[in-house]
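Peer 1: Spelled out from the first residue to the last, the chains are:
There are 2 protein chains.
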Amino acid sequence: MAVRRVTRPADRTEAIMRAALELAGEVGYARLSIEAVAARAGVGKHTVYRRWPSKGVLFLDSILTVNEPRLDYRDTGDIVADLREQMVAVVDLVGRPPWGPLYRAVLGEAQHSPEVAAALNERFVRAQAEKTTARLRAARDQGQLSPGFDLDLASELLVGPLYFRLLISEEPLTHNYIDRVLEALFAGMGPKA
Amino acid sequence: MAVRRVTRPADRTEAIMRAALELAGEVGYARLSIEAVAARAGVGKHTVYRRWPSKGVLFLDSILTVNEPRLDYRDTGDIVADLREQMVAVVDLVGRPPWGPLYRAVLGEAQHSPEVAAALNERFVRAQAEKTTARLRAARDQGQLSPGFDLDLASELLVGPLYFRLLISEEPLTHNYIDRVLEALFAGMGPKA
Chain A
1 MAVRRVTRPA
11 DRTEAIMRAA
21 LELAGEVGYA
31 RLSIEAVAAR
41 AGVGKHTVYR
51 RWPSKGVLFL
61 DSILTVNEPR
71 LDYRDTGDIV
81 ADLREQMVAV
91 VDLVGRPPWG
101 PLYRAVLGEA
111 QHSPEVAAAL
121 NERFVRAQAE
131 KTTARLRAAR
141 DQGQLSPGFD
151 LDLASELLVG
161 PLYFRLLISE
171 EPLTHNYIDR
181 VLEALFAGMG
191 PKA
Chain B
1 MAVRRVTRPA
11 DRTEAIMRAA
21 LELAGEVGYA
31 RLSIEAVAAR
41 AGVGKHTVYR
51 RWPSKGVLFL
61 DSILTVNEPR
71 LDYRDTGDIV
81 ADLREQMVAV
91 VDLVGRPPWG
101 PLYRAVLGEA
111 QHSPEVAAAL
121 NERFVRAQAE
131 KTTARLRAAR
141 DQGQLSPGFD
151 LDLASELLVG
161 PLYFRLLISE
171 EPLTHNYIDR
181 VLEALFAGMG
191 PKA
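Line order of the protein sequences matches chains A and B. Counting in the UniProt record's numbering, the first sequence runs from 1 upward without gaps. Counting in the UniProt record's numbering, the second sequence runs from 1 upward without gaps.
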């Protein structure tokens, strides 16, 4: 495709992120390079490096900038439905093809790159956890959660099983799996008094 | 340390696994090599490769062979106590120094090595999940679990939050965290009827 020439900083930022996603989709994460992204975006590679120190951070930023609004929670008054909707959006974005294998590669890189691990948490994981906790707090105030439930832990219980399938067992992240996780977490494992 | 000369196959296998753990502890996972393990064990590198196709598989096999009995469940009749004891043993083995960072490196490798991912599941994850499900089934038969609980999902709910801390948030895997996870999973998130 044609190389784009862009000059305004905001256009340049957008062109770089768009080029990163296009190239990642074409060649995969392992063969993605900052140099190729810069060439595709029509900027010098130092322009890219000034803002994104590594391709992992650039990829995360690009995919989230484009998609983040989809990952917000609605408040319809039904906590299970709202959690489900958001978890489906997350899984459809980063738990399945086309982006799932690339997100998985970034998470692999985070295991030996403190820079990528930090960006992952700052840019995505902590922000999502805060949104989850806020939505759950509203639900608790409306009597839709057990009053004594450990809210600080809830977001880890909700996403832990998803990451387990993505990174460890490689079993499919279906919508039905999300339903089962929600049902089990809400019901609890212990005998009912 | 002195190079060992071993000739019996069983002795040789043990010497290789011992050498793998020694060297991994000394140089870390990234700098571990099959060649160095072979030299330390006093065998040719083809002897190692015949049994272990990669250093990830060798490391997993070595650490589990030495420690697996510790990762079994007791049945004391108290399901929460037995789960806690086993989860503490797992976390103390592969969730903290000295072996935690190395296990994390192997999991990072599993994101791009189908061979390591397969060994991880065959050698460790599936076997542990089966033990967990068996112990939970006994507890359910004794009335210690909700009769309708989704037992096939339970092991993922239990370990998912641990992997989330190890691989994503990098928050500490304390024994107190295990207590909180167990309490929350047994109580459930939903309001009590």
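No lab work stands behind these hints, which were simulated from the structure alone. Some clues are possibly wrong.
As the list makes no split between identical chains, a pair holds if one copy fits it or if it spans any two.
As the list claims (entries may be wrong) - The list that follows gives simulated cross-link-like pairs (lysine to aspartate or glutamate, EDC-like), each with its CA atoms no further than 16 Å apart: (1) Lys-45 with Asp-152; (2) Lys-131 with Asp-72; (3) Lys-192 with Asp-141; (4) Lys-192 with Asp-150; (5) Lys-131 with Asp-75; (6) Lys-131 with Glu-22; (7) Lys-131 with Glu-85; (8) Lys-192 with Asp-92; (9) Lys-131 with Asp-82; (10) Lys-45 with Asp-75; (11) Lys-45 with Glu-115; (12) Lys-45 with Glu-183; (13) Lys-45 with Glu-14.
Here the structure is a predicted model, which is why all the values come from computation and not from measurement.
Peer 1: Decide, hint by hint, whether the structure agrees.
Peer 2: To see whether the hints hold, each was checked on the structure:
no., hint, result
1, Lys-45 with Asp-152, "neither (41 Å within a copy, 49 Å between copies)"
2, Lys-131 with Asp-72, "within (7 Å within a copy, 38 Å between copies)"
3, Lys-192 with Asp-141, "between (23 Å within a copy, 15 Å between copies)"
4, Lys-192 with Asp-150, "between (19 Å within a copy, 15 Å between copies)"
5, Lys-131 with Asp-75, "within (11 Å within a copy, 40 Å between copies)"
6, Lys-131 with Glu-22, "neither (29 Å within a copy, 44 Å between copies)"
7, Lys-131 with Glu-85, "within (14 Å within a copy, 33 Å between copies)"
8, Lys-192 with Asp-92, "neither (34 Å within a copy, 32 Å between copies)"
9, Lys-131 with Asp-82, "within (12 Å within a copy, 34 Å between copies)"
10, Lys-45 with Asp-75, "neither (42 Å within a copy, 60 Å between copies)"
11, Lys-45 with Glu-115, "neither (19 Å within a copy, 35 Å between copies)"
12, Lys-45 with Glu-183, "neither (48 Å within a copy, 51 Å between copies)"
13, Lys-45 with Glu-14, "within (15 Å within a copy, 51 Å between copies)"
Hints 1, 6, 8, 10, 11 and 12 from the earlier list are contradicted by this structure; the remaining hints agree with it.
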